[in-house]
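Student: When you get a sec, could you build the whole thing from the sequences and use the hints?
Number of protein chains: 2
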Amino acid sequence: MKKDDFTELDRYISEKQKIINQKLDEYTPLNSYTKLTESIRYSLLLGGKRLRPVLTIAVAEILNTPIENVLPSACAIEMIHAQSLIHDDLPGMDDDELRRGKPTNHIVYGEALAIIAGDALFSHAFNTIVSKTPKNVKPELILKVIEEISTSAGFLGMCGGQAMDISFEKSNDEVTKEILEYIHTHKTADIITVSVKTGAILSNANEKELDALTKYAENIGLAFQIMDDVMDITKTEEEMGKKTNKDLDKNKATYPRLYGVEKSCRIAEEKINTAIKEISFFGEKAKYLEALAKYVIFRDKWY
Amino acid sequence: MKKDDFTELDRYISEKQKIINQKLDEYTPLNSYTKLTESIRYSLLLGGKRLRPVLTIAVAEILNTPIENVLPSACAIEMIHAQSLIHDDLPGMDDDELRRGKPTNHIVYGEALAIIAGDALFSHAFNTIVSKTPKNVKPELILKVIEEISTSAGFLGMCGGQAMDISFEKSNDEVTKEILEYIHTHKTADIITVSVKTGAILSNANEKELDALTKYAENIGLAFQIMDDVMDITKTEEEMGKKTNKDLDKNKATYPRLYGVEKSCRIAEEKINTAIKEISFFGEKAKYLEALAKYVIFRDKWY
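Top to bottom, those sequences are chains P and D.
Okay, so the first sequence: first residue is 1 according to my numbering, each after it adds one.
Okay, so the second sequence: first residue is 304 according to my numbering, each after it adds one.
It is worth saying that the hints were derived from the structure and are not from the lab.
Model, not experiment: these values are computed from the prediction.
Be aware that one or more of the hints could be misleading.
[Unchecked claim] Stretch-level coverage of chain P by chain D, calculated; a stretch enters the list once three of its residues show a Cβ under 8 Å from a Cβ in chain D: (1) 35 to 49; (2) 89 to 99.
[To be verified] Here are the simulated lysine-lysine pairs, PhoX-like style, with alpha carbons at most 20 Å apart: (3) P:K132 <-> D:K473; (4) P:K138 <-> D:K580; (5) P:K235 <-> P:K250; (6) D:K447 <-> P:K135; (7) D:K538 <-> D:K553; (8) D:K555 <-> P:K35; (9) P:K215 <-> P:K277; (10) D:K580 <-> D:K590; (11) P:K144 <-> D:K438; (12) P:K246 <-> P:K102; (13) D:K338 <-> P:K252; (14) P:K135 <-> D:K441; (15) P:K23 <-> P:K132; (16) D:K441 <-> P:K138; (17) D:K580 <-> D:K538; (18) D:K566 <-> P:K144; (19) P:K144 <-> D:K553; (20) D:K538 <-> P:K144.
Glycine is no exception: its CB is placed at the ideal position from the N, C-alpha and C atoms.
Tutor: What follows is the structure, given as C-alpha cells:
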C-alpha cells in the first residue's frame, strides 16, 4: 500500500474537528461550584484527532443524513473515549503522567477528582445523546444508539478489554493470539466500530450498508490498536505526546510482542485493505472513509 | 414522631428486595473471560436494603403501573449506586476497606479492576434500561428516564456532590449551610429523588403527582444523608458494616458538625414530616411510601 497524499483528508478532518470541538465545548459548560467541570473540560478539550466522531460524521454524510442528527452521539462517544483515557492514566491503572503532550488529569486535579471526572463523563455522554439529539430523530433510533454504545463501552466491550489487558499484564503468561485479539477487539476496536455504527443507525442504514460499515470499522479498529502498539516501540515520547516504550516494560499483550514490528505492520495493512474492500460499493462517496482507513496505518501522530 | 411498628414495611421491603436481587443477578450474568463481572457482581449483589429501587417500585404500584415496566430502570439506579460505592471506597477517594460488613471491591479484586468495574456498571446501567424495559413502554418515556438518571448521576448531580465533598474535605474551610446543602442534595438526595421520579415518569404521572413525589423524595433524600452522618457518630462499626467515626477525622462537611447530633435529628424529622405531607393526597395508597419515609430516620441499619 502506498502512502497517499493526505492533503484533502487533512482538510476534511480539520473541518470536522472544528465542529466537534465547538460542540464538545457547548455540551459541557464550565460550572464554577467545584473544579469538576474544569477537570472534565481539561481532558475533553485537550485535543486529539477526534477519529471516532469524525467517523460517525463521515458515515452520516455518505448516507445523506444531516450531521446535526449525529453530532450529540458522536460527541458522546468522544466523551466515553476521554473518560477511558482519564481512568487508564490513574495510578491504580497505567499510572501515566503524560497524555497528548500534557500532564494527565490526575496530575493536574488530583486522583479523586480524576476518578469522579471519568464517572461524570460516562453519565454525561448518555445525557448528551438524549438531551441534544434533534427532536426529529426517531426515539427508537436514539434508544438503539444508546444500547449499542453502552454495550461497546461496557463489560463485554471496552471495559472487558481493559480488564483483560490489566489481568494479562499482572500474570506471567505468554501472550497468545486469542488473548491479544480479545484485548484489541474490546479495548479499542469496539468503540471505533460503534462510532461507525452510530452514524449508520441514525441514518436508518439498510442491512447491507450497516453490515459493510461494521466490518470496515472492526478492521480499522484492530489496525489502529496494532499501529498504536507498533508506535509505542518505534516512536519517541515527543512524537507521541505520551510515554513510549512502556508496553514491553509492563508485560502488555501487544502485536509486536507476538509477531514483531514488521509482521504487525503487515497484519495492520491487510486489515486496512479488507476494510476498504468492504465499503467499495459506496463508490466515490466513500473516499473519506477510505482515506481515513489508510491514515490509520500511515499516521505519524494521532493525538 | 413516634417510631412505628415496621413489621408490615419489613415484609414489603423484603418482598421487593427479593425481586430486585433476582433481576440484578439476571441482568448481570457472570462472564468467565476475566474477573470483571465477578467483581461487579461482588459489589452489586452484596446486599443492602435496596432503598432506591424499592422506592421506584412503590411509586409504580401507587400509580397502577406493572412493576415489570420499572424493574430495569430501578435496577439501573441500584447499579449506579453500587458504582458510586465502589469508586468512593477507592484509595484515591475515601480509602475504605469495609462496606456492608465485607471487604471493599478493591481490597478483593485490586484497584485497577475496581475502577473498571465502576465504569462498566455505569455503562451497564443505561444498557439495562434500554435492553430490558418491556417493548410496550413508550420510547419517549424511556428516553426521559435516561435523561433524568444521567442528569442526577452526572456533574450537576451525584458526581458534583462527590466533588464538593472531596474538595471541602481537603480545604481548611469552615462548613457552611450552603456547602452542606450542596453536598447532601447532590451526593445523596439526587439519586434518591430520581428513583422516585423514574417510577412516576414510567407511570405517565400527571404534573401534580410528579411534583408531589419529587418533593417527597428530595426531603427523604436529605434526611437520609443527615441520619447517615449522625450514625457515623452514634453507631459502631459492627452496627453499620463500615468504618464509623471517620467523618470528623476527615474534615467532612456533615450536619452534626454544623448543628450537633440532636438538632441534626430534628432537622431530619422535619424533612420526613414535610415528605409525608407532600404525598398525603394519595391517601391509603401511599402507606408504604409514608412508612419508608419514617424508616429513614428510625432505621438502625441500612446496609
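Student: Does each hint hold? Answer for all of them.
Tutor: Hint check results:
1. Judged by the Cβ-Cβ criterion of 8 Å, the stretch 35 to 49 of chain P is covered by chain D as claimed, because 4 of its residues qualify and three suffice.
2. For the stretch 89 to 99 of chain P, the stated coverage by chain D holds: 4 residues have a C-beta nearer than 8 Å to a C-beta of that chain, and at least 3 were required.
3. Under the criterion of a C-alpha separation no larger than 20 Å, the hint pairing K132 of chain P with K473 of chain D is inconsistent with the structure, at around 35 Å.
4. Note on K138 of chain P and K580 of chain D: the hinted pairing is violated, with a Cα-Cα distance of about 40 Å set against a maximum of 20 Å.
5. About 17 Å separates the Cα atoms of K235 of chain P and K250 of chain P, which keeps this hinted pair within 20 Å; it holds.
6. A C-alpha spacing of about 13 Å is found between K447 of chain D and K135 of chain P, which places the hinted pair at or below 20 Å, so the restraint holds.
7. A threshold of 20 Å between alpha carbons decides the hint, and for K538 of chain D with K553 of chain D the separation of about 17 Å falls inside it, so the pair holds.
8. This hinted pair checks out: K555 of chain D and K35 of chain P have alpha carbons roughly 18 Å apart, not beyond 20 Å.
9. At roughly 10 Å between alpha-carbon atoms, K215 of chain P and K277 of chain P fall within 20 Å of each other, so this suggested pair holds.
10. Proposed proximity of K580 of chain D and K590 of chain D is supported: the alpha carbons are some 12 Å apart, at most 20 Å.
11. Distance hint between K144 of chain P and K438 of chain D is fulfilled; the C-alpha atoms sit about 13 Å from each other, no more than 20 Å.
12. Simply put, K246 of chain P and K102 of chain P have alpha-carbon atoms about 17 Å apart, close enough for the 20 Å limit, and the pair holds.
13. Taking the CA atoms of K338 of chain D and K252 of chain P, the gap is about 18 Å. The hint holds against a cut of 20 Å.
14. A distance of roughly 15 Å separates the Cα atoms of K135 of chain P and K441 of chain D; the hinted pair therefore holds under the 20 Å criterion.
15. Using a Cα cut-off of 20 Å, the hinted pair K23 of chain P and K132 of chain P holds, with the two alpha carbons roughly 10 Å apart.
16. The straight-line distance between the Cα atoms of K441 of chain D and K138 of chain P is roughly 12 Å, inside the 20 Å bound, and the hint therefore holds.
17. Taking the CA atoms of K580 of chain D and K538 of chain D, the gap is near 30 Å; set against the 20 Å cutoff, the hint is violated.
18. About 50 Å separates the Cα atoms of K566 of chain D and K144 of chain P, which puts this hinted pair outside 20 Å; it is violated.
19. Distance restraint check for K144 of chain P and K553 of chain D: the Cα-Cα separation of roughly 44 Å exceeds the 20 Å cut-off, and the hinted pair is therefore not satisfied.
20. The hinted pair formed by K538 of chain D and K144 of chain P fails the criterion: a straight-line CA distance of about 47 Å is larger than 20 Å.
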